[in-house]
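Given only the sequences and the hints, what does the whole structure look like? Please build it.
Numbering-wise, the sequence shown is residues 1 to 168 according to this note's numbering.
What the hints contain is simulated information worked out from the structure, not anything from laboratory work.
Please read these numbers as outputs of a predicted model, since none were measured by experiment.
It is possible that part of the hints are untrue.
[Said to hold, decoys possible] Have a look at the derived ranges for each label pair, beta carbon to beta carbon:
hint: 1; residue 1: Asp21; residue 2: Glu119; range: 16 to 26 Å
hint: 2; residue 1: Pro77; residue 2: Asn15; range: 21 to 31 Å
hint: 3; residue 1: Asn16; residue 2: Lys151; range: 32 to 42 Å
hint: 4; residue 1: Met42; residue 2: Pro166; range: 36 to 46 Å
hint: 5; residue 1: Asn114; residue 2: Arg39; range: 21 to 31 Å
hint: 6; residue 1: Ser78; residue 2: Trp14; range: 28 to 38 Å
hint: 7; residue 1: Ser105; residue 2: Leu19; range: 17 to 27 Å
hint: 8; residue 1: Arg39; residue 2: Thr132; range: 15 to 25 Å
hint: 9; residue 1: Lys85; residue 2: Leu19; range: 16 to 26 Å
[As the list claims (entries may be wrong)] Mimicking PhoX-like on lysine-lysine, the simulated pairs with C-alpha atoms at most 25 Å apart in a straight line are:
hint: 10; residue 1: Lys28; residue 2: Lys69
hint: 11; residue 1: Lys28; residue 2: Lys11
hint: 12; residue 1: Lys93; residue 2: Lys58
hint: 13; residue 1: Lys36; residue 2: Lys58
hint: 14; residue 1: Lys151; residue 2: Lys85
hint: 15; residue 1: Lys40; residue 2: Lys58
hint: 16; residue 1: Lys93; residue 2: Lys40
hint: 17; residue 1: Lys28; residue 2: Lys58
hint: 18; residue 1: Lys40; residue 2: Lys69
hint: 19; residue 1: Lys40; residue 2: Lys28
hint: 20; residue 1: Lys93; residue 2: Lys36
hint: 21; residue 1: Lys36; residue 2: Lys11
hint: 22; residue 1: Lys93; residue 2: Lys69
hint: 23; residue 1: Lys93; residue 2: Lys28
hint: 24; residue 1: Lys58; residue 2: Lys85
hint: 25; residue 1: Lys85; residue 2: Lys69
hint: 26; residue 1: Lys85; residue 2: Lys11
hint: 27; residue 1: Lys11; residue 2: Lys69
hint: 28; residue 1: Lys58; residue 2: Lys69
Think of the CB as a built atom: it goes at the ideal place given N, C-alpha and C, for glycine as much as any other residue.
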Amino acid sequence: MLRIIVMRHAKSSWNNPLLTDHDRPLNKRGVSDSPKMARKLMGFEEWIPTCIFSSTAKRAQQTRELFLKEWMSSGQPSPSLFDQKQLYFGGVKAHQSLIANCTHSELPMFVGHNPDIEELLTSLTGEEHRITTANIALIEHSAQQFEQAAKLNNWRLVELLRPRPPRS
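Written as structure tokens, this is what we have:
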């Protein structure tokens, strides 16, 4: 069974108009949601990321670091970390390329941005999902190799984790 964890970065700040989009940090809610999401993922024992691919944008990097701080403080294993420029609005193909290069023994996690995250999930599951800030999607496929499964659209959404219940 192949598994992937997909996370949208936590809530970012728009307070400083002088910052480029790439350099925007998390706001207060984003800082509190990132570790909360690590705790939520810990409730899924078979979903332990072995590697985390993250956009180079500051808000994605901060999301990953705050997530990892909580993750590691609870005794979870340390995943390999990869900063990927192409995950900063590089589209679905950038994600699929990274997925295709994973080995069957890895459980990759991606920390990125919308619309790419929603489009990736639509591409892989064949269904549209609304992914708000700090949401984590757990998806799986019965294929044996990521290279073959990266472009398939019949992945199964196992769970969509949110820091708070969605608005009606």
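Comparing the hints with the structure gives:
1. Between aspartate 21 and glutamate 119, the C-beta spacing of about 18 Å keeps the proposed range 16 to 26 Å intact.
2. A beta carbon spacing of about 36 Å between proline 77 and asparagine 15 contradicts the range 21 to 31 Å that was offered as a hint.
3. About 39 Å separates the C-beta atoms of asparagine 16 and lysine 151, a value consistent with the hinted range of 32 to 42 Å.
4. Roughly 21 Å separates the CB atoms of methionine 42 and proline 166, a value that falls outside the hinted 36 to 46 Å.
5. In this structure, asparagine 114 and arginine 39 meet the distance hint of 21 to 31 Å, their C-beta atoms being roughly 23 Å apart.
6. Checking the proposed 28 to 38 Å range against serine 78 and tryptophan 14 shows it holds: the Cβ atoms sit about 33 Å from each other.
7. Serine 105 and leucine 19 have their C-beta atoms about 39 Å apart, which leaves the hinted 17 to 27 Å range violated.
8. At roughly 18 Å, the beta-carbon separation of arginine 39 and threonine 132 lies within the given 15 to 25 Å, and the hint holds.
9. Checked against the given bound of 16 to 26 Å, the beta carbons of lysine 85 and leucine 19, roughly 18 Å apart, stay inside it.
10. Restraint check for lysine 28 and lysine 69: the C-alpha separation of about 17 Å stays at or below 25 Å, so the hint holds.
11. Between lysine 28 and lysine 11 the CA atoms are separated by roughly 8 Å; this keeps the pair inside 25 Å, and the hint holds.
12. The suggested pairing of lysine 93 with lysine 58 holds, with an alpha-carbon distance near 22 Å, which does not exceed 25 Å.
13. A threshold of 25 Å between alpha carbons decides the hint, and for lysine 36 with lysine 58 the separation of about 19 Å falls inside it, so the pair holds.
14. Between lysine 151 and lysine 85 the alpha-carbon distance is near 21 Å, which keeps this suggested pair within the 25 Å criterion.
15. For the hint linking lysine 40 to lysine 58, the alpha-carbon distance of about 23 Å falls within 25 Å, and the restraint holds.
16. Among the hinted pairs, lysine 93 with lysine 40 is inconsistent with the structure: their alpha-carbon atoms are about 28 Å apart, more than 25 Å.
17. Distance restraint check for lysine 28 and lysine 58: the Cα-Cα separation of roughly 14 Å lies within the 25 Å cut-off, and the hinted pair is therefore satisfied.
18. Simply put, lysine 40 and lysine 69 have alpha-carbon atoms about 14 Å apart, close enough for the 25 Å limit, and the pair holds.
19. This hinted pair checks out: lysine 40 and lysine 28 have alpha carbons roughly 19 Å apart, not beyond 25 Å.
20. Restraint check for lysine 93 and lysine 36: not satisfied, since their Cα atoms lie roughly 30 Å apart, outside the 25 Å limit.
21. Of the supplied pair hints, the one linking lysine 36 and lysine 11 holds, its CA atoms being roughly 13 Å apart against a limit of 25 Å.
22. Under the criterion of a C-alpha separation no larger than 25 Å, the hint pairing lysine 93 with lysine 69 is inconsistent with the structure, at around 30 Å.
23. A threshold of 25 Å between alpha carbons decides the hint, and for lysine 93 with lysine 28 the separation of about 32 Å lies outside it, so the pair is violated.
24. A hinted pair counts as satisfied when its Cα atoms are at most 25 Å apart, and lysine 58 with lysine 85 qualifies at roughly 11 Å.
25. About 22 Å separates the Cα atoms of lysine 85 and lysine 69, which keeps this hinted pair within 25 Å; it holds.
26. A hinted pair counts as satisfied when its Cα atoms are at most 25 Å apart, and lysine 85 with lysine 11 qualifies at roughly 20 Å.
27. Using a Cα cut-off of 25 Å, the hinted pair lysine 11 and lysine 69 holds, with the two alpha carbons roughly 18 Å apart.
28. Between lysine 58 and lysine 69 the alpha-carbon distance is near 16 Å, which keeps this suggested pair within the 25 Å criterion.
In summary, the structure is inconsistent with hints 2, 4, 7, 16, 20, 22 and 23 from the numbered list given earlier, while agreeing with the others.
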